[in-house]
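Based on these hints, arrange chains D and S on the given structure of chain X.
Protein chains in written order, with the working numbering: chain X, 951 to 1150; chain D, 557 to 757; chain S, 378 to 567.
Hints in this document: simulated from the structure, not taken from any laboratory.
Hints should not be assumed to be uniformly reliable.
Computed footprint of chain S on chain D; a stretch qualifies when at least three of its residues, placed anywhere within it, have a C-beta under 8 Å from a C-beta of chain S [unchecked claim]:
1. 621-630
2. 685-694
No more than 27 Å apart at the CA atoms, straight line, and that leaves these computed lysine-lysine pairs for DSS-like [unchecked claim]:
3. X/K985 to S/K501
4. S/K444 to S/K501
5. D/K621 to S/K470
6. S/K501 to S/K409
7. D/K621 to S/K469
8. X/K985 to S/K444
9. S/K501 to S/K564
Just so it is clear, CB atoms sit at the ideal spot from N, CA and C, and this is done for glycine as well.
One-letter residues, chain by chain:
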Amino acid sequence: MRDILRMVLVLTAICLLSAFSLTALNEGLAGQIAKQQRDNVQVPRAREVLGETPADFAERYFEIEVDGVSWAVFPRVEGGRCSAIALESTGRGGYAGDVKVIAGVDLESGAILGVRVTQSSETPGIGSRVAEPSYLRVYRGRPLKGTAFSLRAEGGDIEAVSGATRTSAAVVDGVRRAAEFVLAHRDEIVRRALGGQAGS
Amino acid sequence: MRIVKEFGKGFTTHLAPFRLVLGLCPVLAVTTTVANGIGMGLAATFVLICSNVMVSLLRRLIPGKVRIACFIVLIASFVVIVELVMKAFFFGLSQSLGIFIPLIVVNCVILGRAEAFAARNPVHLAAADGLGIGLGFTLSLALIGAIREVLGQGTFLGHGVFGPGFEPFAFLAQAPGAFVALGVLLFVMNAYDRFRSRMRA
Amino acid sequence: MDLILLAINAILVKNILLMQYLGNCPFLGTSKRMETALGMGMAVIFTLTLATTITWVVHRAVLVPFKLQYMQTIAFILVIAALVQFVEIFMKKTLPALYLSLGIFLPLITTNCAVFGAALLSVKNDYDFVHMVVFAMASATGFALALVLFAGLRERFRVAHIPGALQDTAIGLITAGLMSLAFLGFKGMT
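So here's chain X without its partners, still in its complex pose:
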């Protein structure tokens, strides 16, 4: 009996010690890790969709929380004006899970500058063709207000990649959510962007 007690005690003590130290370390490093993730994954994609960006682009990142959902926004601020933003959106309905996209929006013309896929687990081969810039060009120049962001097969304006309908649908869903978000919260976005505070 004493043996079993000792076993349980030692194992529990080690687990607790481990849990405690790891949680502490994670808290301490979380900010740095998130920053690395942003700088190496989202920022390059955001730069791709926005074209030219100023030197402090990465620092201007902020998050807006709406209805419990946190939106990551990368504004392009030049000469005191926020001319465009890139934001990350999650599109649902992919074959094997959600698809994360980054959409670049020109705030002055109200049109999409470009779309890139940042995370997808779709079937390799045809599914990954949806992530290619040559296909994603179909979003370029589309006005946020006038476009029906769904697939042609469903009466919308966007063609799918043939053979990868569900993946294309997921990307469209992501872009649609981004468009709706920008239309609904444009002023708030610009205000936060010009507020100049980095981080969330």
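Okay, now just chains D and S, sitting in the frame of chain X:
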């Protein structure tokens, strides 16, 4: 000096993964370049030293029946530490090594040394053992990485080695090349050993 | 349809052992004889599928909601260790013959990179439930397939004339390399 002896055996009799035929998975996967090999080796060495020291410190407290479970929790904790630190400060390396960083947990070398040595020896010897075997492992990884990178991609640590006319053995940069490279190296080592023992006889 | 593609991908194109390098220690250790290889293959298919499923559930139900993703490594390995323990106990009672023939290889499945690796991959690829199960079973089948093929080859080695220095692990690795080369031919299939 015992401590030097325990340290040194990591480069000779207990050289992983050649003499100590354990921990093969990462060896094959991450040795596409020298940088990756060294990165993995150092990460594994860190975990090995920490786990050896911890296990040695706690060796009288851990009851026999649950020792493997305890070792696993300890090793896994250090691996998570390495994971977090890498993601925070060495993002590029953490991406190249990918899932093989958490896979350090099931690296038989680490669990093997904890069970075979650290659980029965004082801290300073356990640390020396960990450091020696870890560095030996790193060296092996660097060696295999060098062969695969120089011949398979024509670079060393990212810098071109041969001129532009060099046609790399792309075979070596991919999966099959890894197996074959390791096998050939092992063959060379075995042949050398046999030659030496024949010379002595 | 995409499930079939996923399965073919996992068994052949991205064979977990020959292309993803996961599961090499038991590969070289249990492939000397066909019976051990078959037994190990079956055991891995069973434990890998079960382990991947349970860890997937733990990830979705516990780690993500509580933002504990950084504990993934510890949580997963503990689940696998516990699972193998239960499988051992269960097998001892219900399939004693198989339990005895597997011997020490059963507990060694805990440290099998293929099992832990598949669990990590299915979470990293963000599969939903059905895709995850297919991925797990297919990966394990790929492992078993490679293992059995390899055992068949190695049994031939016993009667072949192999120079001393090449014996055992060295020739094993080179052969595995050639097998891997053969599997490389599946690339572009999907």
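Status of each hint after checking the structure:
| no. | hint | in the structure |
| --- | --- | --- |
| 1 | 621-630 | holds (count 4) |
| 2 | 685-694 | violated (count 0) |
| 3 | X/K985 to S/K501 | holds (20 Å) |
| 4 | S/K444 to S/K501 | holds (15 Å) |
| 5 | D/K621 to S/K470 | holds (21 Å) |
| 6 | S/K501 to S/K409 | violated (33 Å) |
| 7 | D/K621 to S/K469 | holds (19 Å) |
| 8 | X/K985 to S/K444 | holds (17 Å) |
| 9 | S/K501 to S/K564 | holds (22 Å) |
In this structure, the hints that do not hold are numbers 2, 6, in rising order.
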